[in-house]
Amino acid sequence: MNEQKSIDIGFSVNVEQLWLPEGIGEKRKLGKMKFGLGGSSINIHQALKAFGVKSSVLAFIANPEHLAPDDLIVRAITEQVISNEEKRGLTITKLPVLSRDNYAIKEYETEHTYGYKGTLQDTTQVEQFLTAHRNHTDGKICTGIQLDEIRFAKLMLRQTAESKSLNLKPSVLGNKEVLKDILPYCDFLFMNEAEYKLCKLDTNEMHKLGVSFIAITKGANGVTWSFKGNRDWEEVQGVTVSSNEKLFTTGCGDWFHGAFRGALIRLGYDSKNLTLSQVKTAVKIANIVAAEKTKFRASSLGPDQDFVSSVISEITA
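The sequence shown begins at -18 in our numbering and counts up one residue at a time.
Among the clues, some could well be false.
Quick list of the computed label-pair ranges, beta carbon to beta carbon [as the list claims (entries may be wrong)]:
1. Glu186 with Val222: 33 to 43 Å
2. Thr94 with Thr297: 14 to 24 Å
3. Ala113 with Glu67: 36 to 46 Å
4. Arg69 with Leu179: 33 to 43 Å
5. Ala49 with Ile86: 17 to 27 Å
Distance condition first, Cα-Cα at most 20 Å in a straight line; then the derived SDA-like pairs of lysine to any residue [claimed, not checked]:
6. Lys161 with Glu176
7. Lys35 with Lys75
8. Lys265 with Ser294
9. Lys15 with Lys35
10. Lys189 with Gly203
11. Lys135 with Gln106
12. Lys265 with Ser252
13. Lys35 with Glu67
14. Lys15 with Ser252
15. Lys30 with Glu67
16. Lys15 with Leu48
17. Lys75 with Leu48
18. Lys265 with Thr221
19. Lys75 with Ala113
Just so you know, the hints here were simulated from the structure itself, not pulled from any lab data. None of these values were measured; they are calculated from a predicted model. All C-beta atoms in this analysis are idealised placements derived from N, C-alpha and C, irrespective of residue type, glycine included.
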């Protein structure tokens, strides 16, 4: 286990409310509601944890002074679910800089997600924190980054010489100048098929800016990836998953991201001097872990360390 390793993750965190419908047709009723902590930063944290890798999360949450009365219940729920995760070992720094807490509502059977995301109100506090928070972790991950968060992602990523990875929102991927500004700070870039179609830079341009590894997750169809400008994309097919329950795909891209980073550390690879063979091994492991994650309800839930250990043993045998 490489538990001495540690990665900082920010900033996408939200309360996730999962509805489990009961019955069918006209008689369907809203079943038990489950609350948990979600968002891509938490999902990646959980994946790293399954690999025995420690991580700390930097979360943007609501500033209580800005909240309307209707938001106070959500604030109380947010505080409770964060507290529950802290008791389970989550290391989280909360910056109260949003107009309201981020909230996601999902019906299990339909995969439709509703909810809202608070707007950033206090950029100075974030910049001051990140400037002072110059630690020596083994890497940084910035995920779910929007246009108004680019400056914070740059500030966070440039604070380490170790490996850095990004997941960017469509608004960023669709802006060529912003991409050229942020990608020189990135070693590993992750996106899904829909996001890749919006990207304003081609693979060669992204590699020339310094990105060594690009992954495009494709759900049940696996992942397409490129490493250091190899002429052709590499393809890894999807993994068939057997389950008596409906598969839950939300968060699988995040779990692939976290599993890839976790596999590099768990296998003792030097993230700054990777070989093509090492990348292929990490991709295979991450692909299997992300597929297994579909058996778990809620985006942050997934396979445990025993499963990960068995996959590593099988792939590296």
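Here is how each hint holds up against the structure:
no.	hint	result
1	Glu186 with Val222: 33 to 43 Å	holds, 35 Å
2	Thr94 with Thr297: 14 to 24 Å	violated, 36 Å
3	Ala113 with Glu67: 36 to 46 Å	violated, 22 Å
4	Arg69 with Leu179: 33 to 43 Å	holds, 36 Å
5	Ala49 with Ile86: 17 to 27 Å	holds, 18 Å
6	Lys161 with Glu176	holds, 17 Å
7	Lys35 with Lys75	holds, 18 Å
8	Lys265 with Ser294	holds, 12 Å
9	Lys15 with Lys35	violated, 26 Å
10	Lys189 with Gly203	violated, 26 Å
11	Lys135 with Gln106	holds, 16 Å
12	Lys265 with Ser252	holds, 16 Å
13	Lys35 with Glu67	holds, 13 Å
14	Lys15 with Ser252	violated, 37 Å
15	Lys30 with Glu67	holds, 14 Å
16	Lys15 with Leu48	violated, 24 Å
17	Lys75 with Leu48	holds, 16 Å
18	Lys265 with Thr221	holds, 14 Å
19	Lys75 with Ala113	holds, 15 Å
When the structure is compared with the earlier hints, violations turn up for hints 2, 3, 9, 10, 14, 16 and for no others.
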